[in-house]
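Chemist: Throw the hints in and build the complete structure from the sequences for me.
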Amino acid sequence: GAGVSQTPSNKVTEKGKYVELRCDPISGHTALYWYRQSLGQGPEFLIYFQGTGAADDSGLPNDRFFAVRPEGSVSTLKIQRTERGDSAVYLCASSLAVGGAEQFFGPGTRLTVL
Amino acid sequence: SQQGEEDPQALSIQEGENATMNCSYKTSINNLQWYRQNSGRGLVHLILIRSNEREKHSGRLRVTLDTSKKSSSLLITASRAADTASYFCATEGNAGNMLTFGGGTRLMVKP
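Residue numbers (my numbering), protein chains in the order written: chain A, 1 to 114; chain B, 1 to 111.
Keep in mind that the hints were calculated from the coordinates and are not lab data. Careful, some of the hints might be misleading.
As the list claims (entries may be wrong) - From the derived model, a few chain B residues whose C-beta atoms are all more than 10 Å from chain A:
{"hint": "1", "residue": "Q14"}
{"hint": "2", "residue": "G16"}
{"hint": "3", "residue": "T20"}
{"hint": "4", "residue": "N30"}
{"hint": "5", "residue": "S73"}
{"hint": "6", "residue": "A78"}
{"hint": "7", "residue": "A81"}
As the list claims (entries may be wrong) - Covered by chain A, according to a simulated footprint, are these stretches of chain B (three or more residues, beta-carbon under 8 Å):
{"hint": "8", "stretch": "44-54"}
{"hint": "9", "stretch": "97-111"}
This one's a predicted model, so the numbers in the text were calculated from it and none came from an experiment. Note that the Cβ used here is the ideal one computed from N, Cα and C, for glycine as well.
Modeler: Structure (structure tokens):
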């Protein structure tokens, strides 16, 4: 029984570089969510997918952030021109149903921008 | 931005004691969920309480919800050292399906 997996577990990059973070949701889960968590704070919503389409991307901080889910399963969060302030743990979650359902979280990717 | 606040921010108790954490939120909700997080990584779902429910139990956990006060509490009875973790409440709003988290309570249970 595989849970949500995320790769890489840690990513160190330099300011200005491009990074991709991958999320493999639980098989059959329709909804997929991305959150960002800074040290000592609760996770903050970034974007969520229902199937292949982004149903709500209101949490993306700016246009350097973009996410895709082309086949309705794996999702990639893409960050262009990274800044030091992007350093955080990026969490992915999936749920069987949209709304009113438990979200299952992956272990996260810790992104450090030097 | 965080939906609500959790109180206390940190709590230290002895094994066997009960731990109570409170959560307040600001807007109307469909449900409220409690999650646990160890070592700042993946969150584990503990319990979901719907807006029309007032109390829910799961093992040693008891959650209450007061929608008139926009607040919830999580009670862990007979705590164990293994309960040491950060606990977050998260609300699912009427308009969307994403969760809005509070700042968390860091619980330490001393053996």
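Chemist: Look at each hint and say if it fits the structure.
Modeler: Hint check results:
1. With a least beta-carbon separation of about 25 Å from chain A, Q14 (chain B) lies farther than 10 Å from that chain, consistent with its non-interface assignment.
2. Every CB of chain A lies more than 10 Å from the CB of G16 (chain B), the least distance being 28 Å, so the non-interface label holds.
3. Here T20 (chain B) stays apart from chain A, with its beta-carbon at least about 19 Å from theirs, past the 10 Å limit.
4. With 10 Å as the threshold on Cβ separation, the claim that N30 (chain B) sits away from chain A is violated: the shortest Cβ distance comes to roughly 6 Å.
5. Listed as outside the interface, S73 (chain B) is consistent with that label: its C-beta sits roughly 17 Å from the nearest C-beta of chain A, beyond the 10 Å cut-off.
6. Look at A78 (chain B): its CB is around 25 Å from the nearest CB on chain A, clear of 10 Å, so calling it non-interface holds up.
7. At the 10 Å boundary, the C-beta of A81 (chain B) stays outside the reach of chain A, the nearest C-beta of that chain being 22 Å off.
8. Figure legend: the stretch 44-54 of chain B, annotated as covered by chain A; annotation consistent (4 residues with Cβ-Cβ distances under 8 Å, at least 3 required).
9. Against chain A, the stretch 97-111 of chain B contributes 8 residues with a C-beta closer than 8 Å to a partner C-beta. That satisfies the three-residue criterion, and the hint holds.
Hint 4 alone, counting from the list given before, is not met by this structure.
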